[in-house]
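Student: Below, each chain spelled out in residue letters.
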Amino acid sequence: MNFHAIKAIYLFEMSRTFRTLLQSVVSPVLSTALYFVVFGAAIGSRFADVEGVSYGTFIVPGLIMLTVLTQSVSNASFGIYFPRFIGTIQEILSAPISSIEIVVGYVGAAATKSFAIGIIILLTATLFVPLRIDHPVWMLGFLVLTCVSFSLFGFIIGIWAKNFEQLQLVPLLVITPLVFLGGSFYSINMLPPLWQNITLFNPVVYLISGFRWSFFSQGDVAVGLSLAMITLFLAICLGTIMWIFKTGYRIRN
Amino acid sequence: MNTTILKQHTSAADQPPAGNEIICAIDNVSKTYTGGSVALDAVSLDIRKGEILALLGPNGAGKTTLISIICGIVNASGGKVTVGGYDVVDNYRQSRGLIGLVPQEVNLEPFETVNNTVTFSRGLFGKPRNPGTIEQVLRKLSLWDKRDSQIVTLSGGMKRRVLIAKALSHEPRVLFLDEPTAGVDVELRKDMWETVRALQADGVTIILTTHYIEEAEAIADRIGVIDKGRLMLVEDKATLMQRLGTKQIRIELQDPLGRIPDALSKYELEIATSGNALIYTYDPTGGRTGITSLFSDLKSAGLVLCDVQTHESSLEEIFVNLIKGEA
Ligand SMILES: Nc1ncnc2c1ncn2[C@@H]1O[C@H](COP(=O)(O)OP(=O)(O)OP(=O)(O)O)[C@@H](O)[C@H]1O
Ligand SMILES: [Mg+2]
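One line per chain: the protein sequences are A and B, in this order. Using UniProt numbering, the first residue of the first sequence is number 1, and each one after it goes up by one. Using UniProt numbering, the first residue of the second sequence is number 1, and each one after it goes up by one.
For the record, the hints were derived by calculation from the structure and aren't laboratory data. Be aware that one or more of the hints could be misleading.
Here are the in silico distance ranges between beta carbons for each label pair [claimed, not checked]:
#, chain 1, residue 1, chain 2, residue 2, range
1, B, 212, A, 246, 36 to 42 Å
2, B, 150, A, 1, 27 to 33 Å
3, B, 150, A, 246, 32 to 38 Å
4, A, 135, B, 32, 34 to 40 Å
5, A, 144, B, 130, 31 to 37 Å
6, B, 107, A, 7, 17 to 23 Å
7, A, 166, B, 32, 48 to 54 Å
8, B, 87, A, 29, 48 to 54 Å
9, A, 174, B, 49, 51 to 57 Å
10, A, 201, B, 156, 51 to 57 Å
11, A, 250, B, 42, 43 to 49 Å
12, A, 1, B, 87, 19 to 25 Å
Note that CB positions come from ideal geometry on N, CA and C, so glycine has one too.
Make a model of the complete structure from these sequences and hints.
Tutor: In structure tokens:
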């Protein structure tokens, strides 16, 4: 393992984050705070409790997931697309490092950033709504797994994308709808039976359900199934990345 | 000029196999890009440890492609390359650890500082953090005052020096400079040549590409000419300069000649392809050129001359002929 190289990539990426602190941290936190004000405090107070939890509190795990997923994908995809775009990827390719080390550096940095944002949003939420966390270790575990696997997914997008438009297409057309329809704002038990079944094809449902379980001890699906699904997703992303580096797909001529 | 920063590596992994004077062996390397353009066609070349090799060739000749294959940026379609005895594919960690690359294109993270950018390169190549080394490299390239400036704020020539600093930050044993002096003013060009010579004095092998014959002439120990993906020639500069230094006299004869008369054998004449001209090659710097005795011997051999031309070949001409011959 070339630890110096992993550290160099990681620190270089983190330095980009600190350079653009406002847009990387402040803006997602601000937009989530707005959700809390609107859905939690303003409208939420008119809603009935969901599964014994007040609506404002109920949406906290989903909102965190919403931001963490989009942030992971966009950070990681941009993180690797930008060096491709400006050509600095050549230096990475010419360095004595393996593909695994490249991935650990870039994905590690992207995941760290979205994890930090997730925690900040969680802390922000406590300012607006009463919150309890039944299983804090599981909660952190789900958060880390989500940050890592969706950063891996973002990394793949960043390698696949041929231009900035494609780079933004996936978060916009895939991630956002999946998260909104994945039960961020409702329990899938609130849906008609047909939709409940269709929803089960949405991988994000398992994530949000598991994450919500770690807060309130109740989820839409069993927590073991949530864990299995996210592990599967992680494995698929890892496999794809191995293939990318083996074939040099879109990175090495 | 500081000589301490590029000392031989001491760790076993960095030490090339002993007694190997060829630092980089390129064996039958070919490259066809997806889309079918043939960039390299069976190139073989041995690069000697400690030399400065200039690769000369027109646009699109395949110089960058060759370097990219050695450095691991491009996969070869065929052939084999070793650096320090290590295969660039199978033992890429060891081979790449020995190499520094200054790319042709100025690819730099625009908003990062000079110091961070150069420090990043050192880490990327597996070297522990060492601000002292970075400082020496930056000072050597007159970038120390700019260490905290963002790359975007630098001039083109400074950016090019940042590229060199990045390549030197991890103390390479083999340095590739892909057109290092393109877009660089005369003064900086001289500075760069000086830096290159100092590196050579520290035992670094240097391969540079250029479009300019004068540049190759000024700095290289050996010159290779690449055109259309083929290596046309590799020769010691001294040998090339010797060719450069020779002159030829072309003596047109009235009647064609089947063979050179024995009386003229000591002049090592050649019969021109047309058959009715003789070519005499001599060294104008050598004092006695033998021209006077040649002419009197020609006369005694009974040959009738109709015209005499002298001709001086230049490196430029050798280069142009090589490239034209392939067209
Ligand atoms: N990524 C690529 N895809 C397809 N063809 C390429 C690619 N890179 C280079 N080529 C082709 O390969 C050939 C050699 O290019 P290369 O860049 O190696 O030349 P060069 O000698 O470095 O030229 P220059 O002096 O202009 O830098 C050219 O015909 C070029 O068009
Ligand atoms: Mg080139």
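Student: Now tell me, hint by hint, if it's right for this structure.
Tutor: Cross-check of the supplied hints:
1. B/212 to A/246: 36 to 42 Å: Hint holds: Cβ distance 40 Å, inside 36 to 42 Å.
2. B/150 to A/1: 27 to 33 Å: 32 Å Cβ-Cβ, so the 27 to 33 Å window holds.
3. B/150 to A/246: 32 to 38 Å: 37 Å, holds
4. A/135 to B/32: 34 to 40 Å: 57 Å, violated
5. A/144 to B/130: 31 to 37 Å: Given about 33 Å between the Cβ atoms, the range holds.
6. B/107 to A/7: 17 to 23 Å: At 22 Å between Cβs, range holds.
7. A/166 to B/32: 48 to 54 Å: 27 Å, violated
8. B/87 to A/29: 48 to 54 Å: At 50 Å between Cβs, range holds.
9. A/174 to B/49: 51 to 57 Å: 53 Å, holds
10. A/201 to B/156: 51 to 57 Å: With Cβ atoms ~54 Å apart, the hint holds.
11. A/250 to B/42: 43 to 49 Å: 28 Å, violated
12. A/1 to B/87: 19 to 25 Å: Holds: the Cβ-Cβ distance is about 21 Å, inside 19 to 25 Å.
Of the numbered hints listed earlier, those contradicted by the structure are 4, 7, 11.
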